[in-house]
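Engineer: Letter by letter, the chains look like this.
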Amino acid sequence: MELNAISIGFAVFTIFTLGGGLGVVTTRNLFQGTIWLMLSLFGVAGYFVLLSAPFLAAVQILVYIGAIAILITFAVMLTRSVARIKSRYFRLLPSFVASLALFLILLFGITLPIFGGHLPEAAPEYVASTRDLGAALVDENGYVAPFLLASVLLTGAMIGAIFIAREDKAKGGGA
Amino acid sequence: MTMEDMCSGLCSLLADSGADPGLAQFLSLLVGVLLVSGVPLVTVILLIWIERKVAARIQDRIGPNRVGPIGLLQTFADMLKLLSKEDITPTAADRVLYNAAPLVSFASVVLIWAVIPFTPFHYGVDLEIGALYFVAIASFGTLAIMAAGWASNNKYALLGAFRVVSLLVSYEVPLVFALLAPVMLAGSMSLVDIVNAQTGMWFVVLSPLAFIIFYVSSQAETGRAPFDLIEAESELVAGFNIEYSGMKFGMFFAAEFLHVFTNGILMALLFFGGWMGPLYYESPLIAFAWLGLKGGLIYFTTLWLRNTVPRLRIDQIMAFNWKFLVPLSIVNLILLSLGLKLLQELGWAPRDLLSASVGDMLPATALMLLVNLGLALYLLGLLRKRGAEARRDEQMSRASLDQARGLAADRGGA
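In order, the protein sequences belong to chains D and A.
Using my numbering, read the first sequence as starting at 1 and increasing by one per residue.
Using my numbering, read the second sequence as starting at 1 and increasing by one per residue.
Calculated directly from the structure, the hints in this document are not laboratory data.
Be careful, since some hints might not be right.
To be verified - Pulled a few chain D residues facing chain A out of the computed Cβ check, cut under 7 Å:
id, residue
1, Val63
2, Ile65
3, Thr73
4, Val76
5, Thr130
What the hints assert, rightly or not - Far from chain A, by Cβ distances over 10 Å, these chain D residues were calculated:
id, residue
6, Val25
7, Asn29
8, Ile35
9, Ile61
10, Leu62
11, Gly66
12, Met77
13, Ser129
Just so it is clear, CB atoms sit at the ideal spot from N, CA and C, and this is done for glycine as well.
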């Protein structure tokens, strides 16, 4: 791999992603854990930029860092002890087996088929724009079915959230 | 893409004079980055003076007038004072986060300027996703406030951060919905395209409600009155930044001031045609002046509002957002998209706004204005009814209270 802007960027974002992930599992402080998680997610957004998908990069930052991670910090604040957690997780063997299995699946499922003869083709000259992405989402030969399914799922989740919030109010007379 | 395509202006000048092409490109890009980030950094010094002067005039004071002519150098004196102050980090604070938070806060505002086009040809970068980039970058500001509030290890700071973050997260929803209006009208998220699409008609005329929603939510996003929960001195001592001193406090302070002006410029770009104005094509300076003038006027109205209205309670702010602004922004967006599609199908509106003239846009503008006006009138009626109901309830409860007091007094007298 030659040393150019893209490979340097790839290295930096890899450090962000893996370092952030390592930080999440090693820190004893929940709030710092969420900050590490954000760093990791930020690294993934960087990958999207390197893959010429700026829309996904912006959405990654907006949704994961701007919304989900902020929600996690809120949830973390409501837990009993944020810092210096004493309790440890001891069932290490099942976790080890599960993560090893996942790693092997990824290794054999993704790396082997493209090993040797199937070198990935060079990225096409034409870079898909956000407009293409939007058109593909509503194209009947594209992704209209998953798109509709996801919309139904989200609507269902929203209605469920409203329903739960409402019921609480009727019973408890306000929190 | 060859080097010749990417290399122009200063870069080609350097390359011609014998520099390595790669180095020449890097240097010219570096100069561009420094210029783009320099504009907000210099502007903010002046903005603090303007803000203090305007606030003073509105409150019937003179404002800073001792340092330099008409107090122009006051901010420099303040900066020196902040820099020379003791830099305190509480012992129990989370050291890294505590020190990083002000930097992230300021960076989240300066980074927005990367996509702001000053003239048709002068901008940091014309991202295809410019509008989305602005929203994504703004979420770092929320993160900075949360980190500052938590890392300070102070209950007032944490409470302040909670309130501010809930405010920021809530008002981001109508902000994004309002932002979608110009994006949809222009058919692009690039800020340059959005401005160019306003050649025929400014988007504020096509969708005034979207502009009002954007204006109100960005006033909340910057934490300005009537949404100034960020600095509720009377309730939270100072809010999330209570433990900060010296230049670290100054960074939060500067970030807020700059954010207000940045929003003014953004609104000028999104809704008021950016650099468009008489003779803008003659010189980039004229185009730049138009943008500055429009942005400055909007900025002035936000200062005006800030110094005129009192602070709302947090429950009022939240109710206003979730029960009024969010539904309104959704309805507005649906009406806008339906209207736009209908007009395009009927052939009354051009499909490509980039080459549309004022005449092409007139029928669409008239209809859009009518729809917006209808919606606004309906909303005003609704608000009036609700206000009347609230007043009646208040009067009734007060009357019954008075009656009860009167009875008690009678009994006491008897």
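Engineer: Taking the hints in turn, state whether each one holds.
Structural biologist: Consistency of the hints with the structure:
1. Against a cut-off of 7 Å between C-beta atoms, the interface hint on D/Val63 is violated, since the closest Cβ of chain A lies about 9 Å away.
2. Of the supplied interface hints, the one on D/Ile65 holds, with its beta-carbon coming within about 6 Å of a beta-carbon of chain A, less than 7 Å.
3. A hinted interface residue such as D/Thr73 counts as satisfied when its beta carbon comes closer than 7 Å to some beta carbon of chain A; here the least separation is about 5 Å, so the hint holds.
4. For D/Val76, the shortest C-beta to C-beta distance to chain A is roughly 9 Å, which exceeds 7 Å, and the interface hint is violated.
5. About 6 Å separates the beta-carbon of D/Thr130 from the nearest beta-carbon of chain A, less than 7 Å, and the hint is met.
6. With 10 Å as the threshold on Cβ separation, the claim that D/Val25 sits away from chain A holds: the shortest Cβ distance comes to roughly 18 Å.
7. A beta-carbon of chain A is positioned within 10 Å of the beta-carbon of D/Asn29; the least distance is around 8 Å.
8. The Cβ of D/Ile35 sits about 7 Å from the closest Cβ of chain A, inside the 10 Å cut-off, so the non-interface label is violated.
9. The non-interface label for D/Ile61 is inconsistent with chain A: the shortest C-beta to C-beta separation is roughly 4 Å, within 10 Å.
10. With 10 Å as the threshold on Cβ separation, the claim that D/Leu62 sits away from chain A is violated: the shortest Cβ distance comes to roughly 4 Å.
11. The claim that D/Gly66 is not at the interface with chain A is violated, since a C-beta of that chain comes within 10 Å of its own (minimum 3 Å).
12. For D/Met77, the requirement that its beta carbon stay farther than 10 Å from each beta carbon of chain A is not met, with the minimum near 7 Å.
13. Annotated as non-interface, D/Ser129 brings its C-beta within 10 Å of a C-beta of chain A; the closest such distance is 6 Å.
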